[in-house]
Amino acid sequence: MAANINSNKPVALKPVEKFDFFNDERVRSVFYQFLTLAFVGGFGWYLFTTTAHNLEVRGMGSGFDFLSVEAGFDPDFKLVAYEAGVGTYGDIFIIGILNTIYISFLSIIATTILGFSIGVLRLSSNWLVAKVALTYVEVFRNTPLLIQVVFWYIGIFSLLPKVKKSIDLSAGSEVVLLNNRGLYMPWPEPGDLLWLTGLALVVAITAVFFLKRWAHKRQDETGKIFPTLTSSIGLIVLLPAFAYLMTGSPLEWDIPKLEGFNFVGGATLPPAFLALFVALTMYHAAQLAEAVRAGILSVGKGQKDAAMAIGLRSNRSMTLVIIPQAMPAIVPPMISLWMNVVKNSSLAIAIGYPDLVAVFMQTSLNQAGHAIEIVGMTMAFYMFVSLSISWLLNIYNKRVQLVER
Amino acid sequence: MAIVKLEKTPARPAPLTERSVIGWMHRHLFSSVLNSILTIVTLYIVFITVRDLWVWGIADAVWIAESRRECFDINISGACWAGVLAWMDNIIYGRYPREELWRLNLGLIVLAIWMAPLWLPRVKAKILIGLSVVFLYPFMAGYLFAGGEKGIFMQIMVTAAIVCLACNTLHSIIGVSGGGGLREFLFRLPAIKDAPEMSQRNILLCLFGVSFVAVFVWQMSWNLDGVPWTQWGGLFLTLVIAGVGIASALPGGIILALGRRSRLPVIRVLSTAFIELFRSVPLITVLFMATAMFPLFMPEGIVLNKLVQVMIAVCLFNACYMAETVRGGLQTIPKGQFEGAHTIGLGYWRTMGLIVMPQALKHMIPNIVGNFIGLLKDTTLVSIIGLFDILGMLRAVSVDGAWRGLHNEPLIFGATLFFLICFAMSKYSRRLEQKLSTDHKH
Numbered sequence: 001m002a003a004n005i006n007s008n009k010p011v012a013l014k015p016v017e018k019f020d021f022f023n024d025e026r027v028r029s030v031f032y033q034f035l036t037l038a039f040v041g042g043f044g045w046y047l048f049t050t051t052a053h054n055l056e057v058r059g060m061g062s063g064f065d066f067l068s069v070e071a072g073f074d075p076d077f078k079l080v081a082y083e084a085g086v087g088t089y090g091d092i093f094i095i096g097i098l099n100t101i102y103i104s105f106l107s108i109i110a111t112t113i114l115g116f117s118i119g120v121l122r123l124s125s126n127w128l129v130a131k132v133a134l135t136y137v138e139v140f141r142n143t144p145l146l147i148q149v150v151f152w153y154i155g156i157f158s159l160l161p162k163v164k165k166s167i168d169l170s171a172g173s174e175v176v177l178l179n180n181r182g183l184y185m186p187w188p189e190p191g192d193l194l195w196l197t198g199l200a201l202v203v204a205i206t207a208v209f210f211l212k213r214w215a216h217k218r219q220d221e222t223g224k225i226f227p228t229l230t231s232s233i234g235l236i237v238l239l240p241a242f243a244y245l246m247t248g249s250p251l252e253w254d255i256p257k258l259e260g261f262n263f264v265g266g267a268t269l270p271p272a273f274l275a276l277f278v279a280l281t282m283y284h285a286a287q288l289a290e291a292v293r294a295g296i297l298s299v300g301k302g303q304k305d306a307a308m309a310i311g312l313r314s315n316r317s318m319t320l321v322i323i324p325q326a327m328p329a330i331v332p333p334m335i336s337l338w339m340n341v342v343k344n345s346s347l348a349i350a351i352g353y354p355d356l357v358a359v360f361m362q363t364s365l366n367q368a369g370h371a372i373e374i375v376g377m378t379m380a381f382y383m384f385v386s387l388s389i390s391w392l393l394n395i396y397n398k399r400v401q402l403v404e405r
Numbered sequence: 001m002a003i004v005k006l007e008k009t010p011a012r013p014a015p016l017t018e019r020s021v022i023g024w025m026h027r028h029l030f031s032s033v034l035n036s037i038l039t040i041v042t043l044y045i046v047f048i049t050v051r052d053l054w055v056w057g058i059a060d061a062v063w064i065a066e067s068r069r070e071c072f073d074i075n076i077s078g079a080c081w082a083g084v085l086a087w088m089d090n091i092i093y094g095r096y097p098r099e100e101l102w103r104l105n106l107g108l109i110v111l112a113i114w115m116a117p118l119w120l121p122r123v124k125a126k127i128l129i130g131l132s133v134v135f136l137y138p139f140m141a142g143y144l145f146a147g148g149e150k151g152i153f154m155q156i157m158v159t160a161a162i163v164c165l166a167c168n169t170l171h172s173i174i175g176v177s178g179g180g181g182l183r184e185f186l187f188r189l190p191a192i193k194d195a196p197e198m199s200q201r202n203i204l205l206c207l208f209g210v211s212f213v214a215v216f217v218w219q220m221s222w223n224l225d226g227v228p229w230t231q232w233g234g235l236f237l238t239l240v241i242a243g244v245g246i247a248s249a250l251p252g253g254i255i256l257a258l259g260r261r262s263r264l265p266v267i268r269v270l271s272t273a274f275i276e277l278f279r280s281v282p283l284i285t286v287l288f289m290a291t292a293m294f295p296l297f298m299p300e301g302i303v304l305n306k307l308v309q310v311m312i313a314v315c316l317f318n319a320c321y322m323a324e325t326v327r328g329g330l331q332t333i334p335k336g337q338f339e340g341a342h343t344i345g346l347g348y349w350r351t352m353g354l355i356v357m358p359q360a361l362k363h364m365i366p367n368i369v370g371n372f373i374g375l376l377k378d379t380t381l382v383s384i385i386g387l388f389d390i391l392g393m394l395r396a397v398s399v400d401g402a403w404r405g406l407h408n409e410p411l412i413f414g415a416t417l418f419f420l421i422c423f424a425m426s427k428y429s430r431r432l433e434q435k436l437s438t439d440h441k442h
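Chains as they are written, first to last, in the working numbering: chain A, 1 to 405; chain B, 1 to 442.
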């Protein structure tokens, strides 16, 4: 009987709709957002009108017409043909972008290689090596990049010997030369049949791809390990080399020669380029090394023990167990570091390497005015690069997450 | 009774390969043939580097000379530190008037006194002390450094800063010597102890008001000589820019981070766009933007000087980086904390201020220090747009008549100085991280 008292049917409680205008969350959120928009819009409008007024008062034009006006200067390093007096500010913009991409790309590659090496050395079982790597990381991480850039330029690359006493980096054959005007090296000039060598390379890479699949399958079935790495390297080196020699070495090298007071021919990298390249690489490699170290350490010790327990050798446990698990922790910081390399390449301006900021945001802005357009275009370029890189990162993160599940 | 043995067998000493230096070397340096080769090669490289550096920088170096030529005459193969020493004042203080240097030193000492309680045990209300440093010290230091006629706003702020510093110091002394704080101490005074609670508060307010008025009247009687910003320079200028940057970046970063996590789409989108805009471009472009575009934004008749332009640029730039640090800290707070705060009826600002931020701040401190190190290093960029910060001064040595061409020694000195500051800070932040961590460790 007592149980019946409590078994009354629950009464549905009707929510009381009490609309309080000042405390309703929706009203408030709309109000706050409207307030923010009004503030930002008002500020934007203020900036726009003041700027327009200031431009008018100072008699400064606006618009992008200046891009087709000839620029009166000649950047001393460029990757595309440009003639001073004919080339326009638009051309200067392109030259700047290409120079920025060029140095960033080379520095990123070098940074990645050096950073991984030092990161692995940081974890070396050899005490001395680990400590030397640690010293490297701390020294280069804790000094300003700009001081490093200036030091490499003034203290090292400008103090190199003069042209007549160039340092020979190619062991006596006088092909690769370094002096205070930069690095001189041979430049390839392709012949007619070079495409056959290229084709051979493509064939070799395809063959390696299939070889890997076959070796994997065979290992799954029989347990026998095929020496994939050695045979792949052999294929990739030997096949193109064979094709190259068979077609009669269709590649000429344009070798720098001393004529008068300077070297002519070949390719030249100016001291400012070399200094910036070395500084960017050394500085960011120190940071990448820490990311690599943290990534490898993030893989639990049990993983390595387990790999040893099932009989994997040290190098195989590294390539098959540790590195695949460490990569998801290494890649995101590495990619944002690449972005930093691109951004920091703008320090070129301190030593006169003509990157985008130096030729466009400084020289062009000083000559042509049009501050708003030039600042906008330069920032847009960096934002474009940044967005592309974070897009890459997102793709990678998605792939890694899918693999995990 | 069969007692086999009464005394404990002493432990055998560890084998020689385990305990001696040789054992250690065997394990850590010569464990395999490859390792041995590596060790010897590395040792050789380290030896060569250290020896060359020693010979150049210490053994053959010239410390006392009048000019670079004299350095060369004494020893051409060594470093010429005499030039750095001769320029030391310029490198540290820039071209600040020499008879006014005490103001810079006083500013530094005041900062040290103000911040010291943060590290002292038993001092209470450290958050309040920290906030007072961030919000009041800049005005006092700003007036000390710049000088000139005080406006009414500056007079109030300087007075507030002096009163606050005095209270702060008293509070800390009381805290260290007897525990408790200034408030408890005053309440224990016989005159106040017996008063009813309401008038206790009034007495405190009166005391505060009287001291404020007294200091205000006192500070009206003097003025410091104005020092134009063009004479600011050296390490001093670098620290000022970095200090302004970090002090304003923290509140700015918190606001932007909260905006980015807001539920209101307009605020979220605007904050995100602002943060991503500044984070995706190099600092030097922001500095150029400041110097080229800010004059266009100003109404007629108002001219910002370059230093202010640079400071605004550095603040904007760094606030966006700080916003990401704060956001990272906020993300470490589990959702249950927000829900718990809602359950006990706290609104948005109280949830953030009382529950979330204090916890998040703990996670953020190492990253904030990291941010500050980055900012300090980045501040050298202002030398590119023509301010004579420490790097500008270091490079100016080589165009001085007596020391013409002396490039490397000043640069190496500057690099070492930065290294010492940044390395010490990063070590400290790592220690702080361990100290603050409440995670369970085995």
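Calculated from the structure, these hints are not laboratory results.
Built from N, CA and C at the ideal position, the CB exists for glycine as well.
Do not rely on the hints blindly, as some may be mistaken.
[As the list claims (entries may be wrong)] If you want a taste of the chain B side facing chain A, the calculated C-beta under 7 Å gives, among others:
| no. | residue |
| --- | --- |
| 1 | Asn35 |
| 2 | Leu264 |
| 3 | Ile267 |
| 4 | Ser280 |
| 5 | Met289 |
| 6 | Met293 |
| 7 | Phe294 |
| 8 | Leu296 |
| 9 | His363 |
| 10 | Lys377 |
| 11 | Thr380 |
| 12 | Gly414 |
| 13 | Cys422 |
Status of the hints after comparison with the structure:
no. : hint   : result
1   : Asn35  : holds, 5 Å
2   : Leu264 : holds, 5 Å
3   : Ile267 : holds, 5 Å
4   : Ser280 : holds, 3 Å
5   : Met289 : holds, 5 Å
6   : Met293 : holds, 5 Å
7   : Phe294 : violated, 10 Å
8   : Leu296 : holds, 5 Å
9   : His363 : violated, 17 Å
10  : Lys377 : holds, 4 Å
11  : Thr380 : holds, 5 Å
12  : Gly414 : holds, 6 Å
13  : Cys422 : holds, 4 Å
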